[in-house]
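**Student:** Those protein sequence lines, which keep their order, are chains A, B, C and D. Just so we're aligned: 11 in my numbering is position 5 of the first sequence, and the numbers increase by one with no gaps anywhere. Just so we're aligned: 282 in my numbering is position 276 of the second sequence, and the numbers increase by one with no gaps anywhere. Just so we're aligned: 138 in my numbering is position 132 of the third sequence, and the numbers increase by one with no gaps anywhere. Just so we're aligned: 235 in my numbering is position 229 of the fourth sequence, and the numbers increase by one with no gaps anywhere.
Calculated directly from the structure, the hints in this document are not laboratory data. You may find that some hints are simply not true.
Note that identical chains are pooled: a pair holds if it fits in a single copy or bridges any two copies.
In the BS3-like style, the derived pairs of lysine-lysine whose C-alpha atoms are separated by at most 25 Å in a straight line are [claimed, not checked]: (1) K46 <-> K258; (2) K126 <-> K296; (3) K258 <-> K171; (4) K296 <-> K127; (5) K183 <-> K262; (6) K183 <-> K127; (7) K126 <-> K258; (8) K258 <-> K183; (9) K127 <-> K258; (10) K262 <-> K294.
Bear in mind that the values here come from a model prediction, so they are computed numbers and not experimental data.
Number of protein chains: 4
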Amino acid sequence: MSQEKMSYREKLSGVFAPIATPFDEEGNLLLDQLASNIRKLNESGLRGYLVLGTNGEFKSLLEAERRKVLETVLSVSAKDKVVMAGTGRESTYESIIASKEAASMRADFVSLIAPSFFAKKMTDQVLLRHFRLIADVSPVPVLLYNNPEVAVLTFSTSLIGEISKHPNIVGMKDTSKGNFASYLLAAGPEFNLLAGSASYFFEALVMGGVGGVLSIANFAPDACCKVFDLWRAGKFEEARTEQYRLMTLNQKVSGKFGVAGVKAAMDFAEFYGGPPRAPLFPLTMDEKIKLREELTVAGFLKE
Amino acid sequence: MSQEKMSYREKLSGVFAPIATPFDEEGNLLLDQLASNIRKLNESGLRGYLVLGTNGEFKSLLEAERRKVLETVLSVSAKDKVVMAGTGRESTYESIIASKEAASMRADFVSLIAPSFFAKKMTDQVLLRHFRLIADVSPVPVLLYNNPEVAVLTFSTSLIGEISKHPNIVGMKDTSKGNFASYLLAAGPEFNLLAGSASYFFEALVMGGVGGVLSIANFAPDACCKVFDLWRAGKFEEARTEQYRLMTLNQKVSGKFGVAGVKAAMDFAEFYGGPPRAPLFPLTMDEKIKLREELTVAGFLKE
Amino acid sequence: MSQEKMSYREKLSGVFAPIATPFDEEGNLLLDQLASNIRKLNESGLRGYLVLGTNGEFKSLLEAERRKVLETVLSVSAKDKVVMAGTGRESTYESIIASKEAASMRADFVSLIAPSFFAKKMTDQVLLRHFRLIADVSPVPVLLYNNPEVAVLTFSTSLIGEISKHPNIVGMKDTSKGNFASYLLAAGPEFNLLAGSASYFFEALVMGGVGGVLSIANFAPDACCKVFDLWRAGKFEEARTEQYRLMTLNQKVSGKFGVAGVKAAMDFAEFYGGPPRAPLFPLTMDEKIKLREELTVAGFLKE
Amino acid sequence: MSQEKMSYREKLSGVFAPIATPFDEEGNLLLDQLASNIRKLNESGLRGYLVLGTNGEFKSLLEAERRKVLETVLSVSAKDKVVMAGTGRESTYESIIASKEAASMRADFVSLIAPSFFAKKMTDQVLLRHFRLIADVSPVPVLLYNNPEVAVLTFSTSLIGEISKHPNIVGMKDTSKGNFASYLLAAGPEFNLLAGSASYFFEALVMGGVGGVLSIANFAPDACCKVFDLWRAGKFEEARTEQYRLMTLNQKVSGKFGVAGVKAAMDFAEFYGGPPRAPLFPLTMDEKIKLREELTVAGFLKE
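Only chain A is shown next, with the shape it has when bound in the complex (with noise of 0.2 Å):
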């Protein structure tokens, strides 16, 4: 079926790799090796692709070079695979702008995290206007980023009831820790919710979620798919086999080193990893080591 004909339901179901964005050792951006990766992961099972977010370190990036990446992902990008940008700034204004901006390029979805600087001030009512805002003019339909490590803030389970009733934001990424079903419940079946973390990716889907954004499909779009497509085929136990297998990579990879190790994972699994940009720092070598026989004896990478 082709993309145009599918519901928003349709387009999100599955396995979304959140992009880790390629740089040199002095931090240059890469896009040669961005578009190879992306080439890479068409060949996979993965539903689509999250550019400019966490794991592709978004905030460590200029504007211009946001631009050059969303464009090199959606020129390399195959037809069946949707994309989301991260298009959330801190500034209401700043965000419609990069919406707009993201849309015009032909992205799918913008994914919107909350402004966190002044996280105190973040209350609902001005949560409630702010992504209204840019909802009523993004062209595009916009995903809710929910993600307490880098934004500070929760959403509350009455925004997220609330806002749902927009017609324009269809869904979430919630990568908050035990609030899944909560969101769920909060705003009905319809809303479409995916899970931020392979931590939880199973449960999410058995609670009604359609979806995972995971940082682990970077360099394991398989292993990310198997759980989604055992679960689809009614094969319960087998899916739950398999996420707990999920969990333990996410656990050395993510859970550990955040980005980096995703980099790390990435360059074992022949995909270009590289260091993340400064401030971050990139494994030391006793790390490398000691990550790649974890993940050989547990079967993730071929010795």
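With chain A held as given, fit chains B, C and D onto it using these hints.
**Tutor:** Frame of chain A, contents of chains B, C and D only:
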């Protein structure tokens, strides 16, 4: 004495206003009103200005707007006023670009807030490298800016003990609660420490701080300078009495309302305050009326 | 099957009520009402009772009162019900005394919350020694109790991986958010993990948990057992639907009002709830009326 | 002057030691060593003692042990020393019992820490009722005890503004960071506020505090009294210099190691310190050797 011959300590001794950035109701930047505010502050006893800080809503400004704001302040600032420019960004790379640019525009100091998006990864080792890389190349001396409320993390005393040895890192603005003397103890009395809140300005001076960057100096510069001048003149009791007045003022304005409160009070005091940029809300009419009354009763506004 | 021959796993599989402790308006302990509540619960499908837990306000009871409460429950508890006693205290010493005493009174399990007064000192090493010293001498098997909301700290997965090897530590009640599957992964599927909140009871079962200790089981035991029974019977969809009903109930009662809400709902459901002991406040009359209405509309109370 | 005729303010002006409770290696209470420590402190310039506080590990004592500890201190305390007894418990009821008992044993003041098990329910309204109910019936005047590190919650300034009006609540020990002057502003200068940490003892005096309850006074009473005496004598510069020495001492002992550190330092200074009661660990032999060296180098111990 001409500024050229002043030591860093002399340049930093006194009260600084963290300049608020004027917007109209639609969120457009108002540079004329900014210039006019600065001209009025030029006549006060303020030691100088911090441009593009928290109260300047710098995270809500486009990079091009930041440049214009700094240019405007530098162009109208009186000769005897010292100008610090906020140039901390989420990446080391962008912080270096911003610091060089501010220096080329003739800011006297750059002020570096910590990257905080990946706050959990901001170990002392990471922050040390980050700040050193910037300070190594910054053409003007660097001040650190410690503000856990907006930057999530609090600098450790051992980080400050270590980093204060860098020849181009000459001081810090500390907006954390209850750590001021510990930082001075760690860095040594030569380190130029400034209070980042009126709530402990006097205690900071008592313990060996050189001055303060006080949000309420945007509309009440004289009340702030009074504490400093009385302290300098050895009038301990009177300085403390004024400090308690300042605390009251600070609680009612910045403590309760943040930037939006500072801007409302600026309007009362015949500066241009205006609304903050969205997502922040301005005070409601009721809040403004009540605040105006309180400030009048407390003697900060003429009836 | 007689309880004597049941495995720990069998004894722990199902729903437990963390028994609320009845007081009169002056805060006096009401043992008769406690006995009467238990007799009524004896007729439900509950697997058993947790006495002297958070919902039992055990921290607000004198040690002598704790003894009486446990005695009372044990004396009227039906033969087929399993009784866990909360015996975690701030010192290892006192926890041992309490655990031995509970065992001598014939409690089936003791439940150990972490000491939390010196929460910052409660490293894994400290907690390991603490729990092992108690488990080494406890005549009955030990369950850990992980509840960051009241005990401040959250058990690390590596602590649980390690401590679950102790032969006398047979399981854990987990009341933290979003960690359940990680604990199971760390401890292995043999470890008896119980959900400590109705908000994720079904997810806990799905991931391999054996049961739940659910505050709302104090007044709605059947609604809780229904989720468990449907799950056991392989009726996945229906179990999930009931889980969402349970979440709604839990949010309106425990989530919003804590123990005071549970007690108000007990009164509605013809148990003795009464007021919590001071410093806690009971619900106001308005809150009670509103809650009663909501529970009636939601179908949990007969009109 | 005999204590009987002293005002509360006079009784509270100076340095208090929050008495550590001696145990042997098995955790048994050592009352003789406690008596001997007090006799030695009787000869110092301390204003008095706080018994059954955080440093007394009161939460790790059985209620009967608490009684014995208080009895012991009261029986050997010198006539000119003022004794405060920690009587805050988790329930209002038990706090009243403990306060009456302490008064009947002739403690001069009772000190009330906030109930914290249900910290999220401890609104200002709840705390107001709790403290008032106790103060209404306490035969001796009440001091509040604000310690967020162990009691989780921080008193709001409006709570302190309100509760300080109660005729039997005469002061507060504040162990929170950076709030001291705000409490004084809220309560008025008549309220007797004591610093609960050596790290800001001097600042507290400067702002209008009457004294301090300082953990390091358990082994270094003279160094603590020196700051107070110099301040009283108007020797500002020397007092500040001593304060910085005190901070260094406090960081190395209490800051780094808590109660266990205080006890190790007591052993060095020829008091009986001994180990803390489990779950707390004593310092390792290496930590003790290093600490002893540091304290010797810093001039706090004779070589």
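**Student:** If a hint holds in the structure, say so; if it doesn't, say that too.
**Tutor:** Taking the hints in turn, this is what the structure says about them:
| no. | hint | in the structure |
| --- | --- | --- |
| 1 | K46 <-> K258 | within (23 Å within a copy, 49 Å between copies) |
| 2 | K126 <-> K296 | between (40 Å within a copy, 22 Å between copies) |
| 3 | K258 <-> K171 | between (38 Å within a copy, 22 Å between copies) |
| 4 | K296 <-> K127 | between (43 Å within a copy, 20 Å between copies) |
| 5 | K183 <-> K262 | both (16 Å within a copy, 19 Å between copies) |
| 6 | K183 <-> K127 | both (22 Å within a copy, 19 Å between copies) |
| 7 | K126 <-> K258 | between (33 Å within a copy, 16 Å between copies) |
| 8 | K258 <-> K183 | both (18 Å within a copy, 21 Å between copies) |
| 9 | K127 <-> K258 | between (35 Å within a copy, 16 Å between copies) |
| 10 | K262 <-> K294 | within (12 Å within a copy, 33 Å between copies) |
Against the hints set out earlier in the document, no violation occurs for any number.
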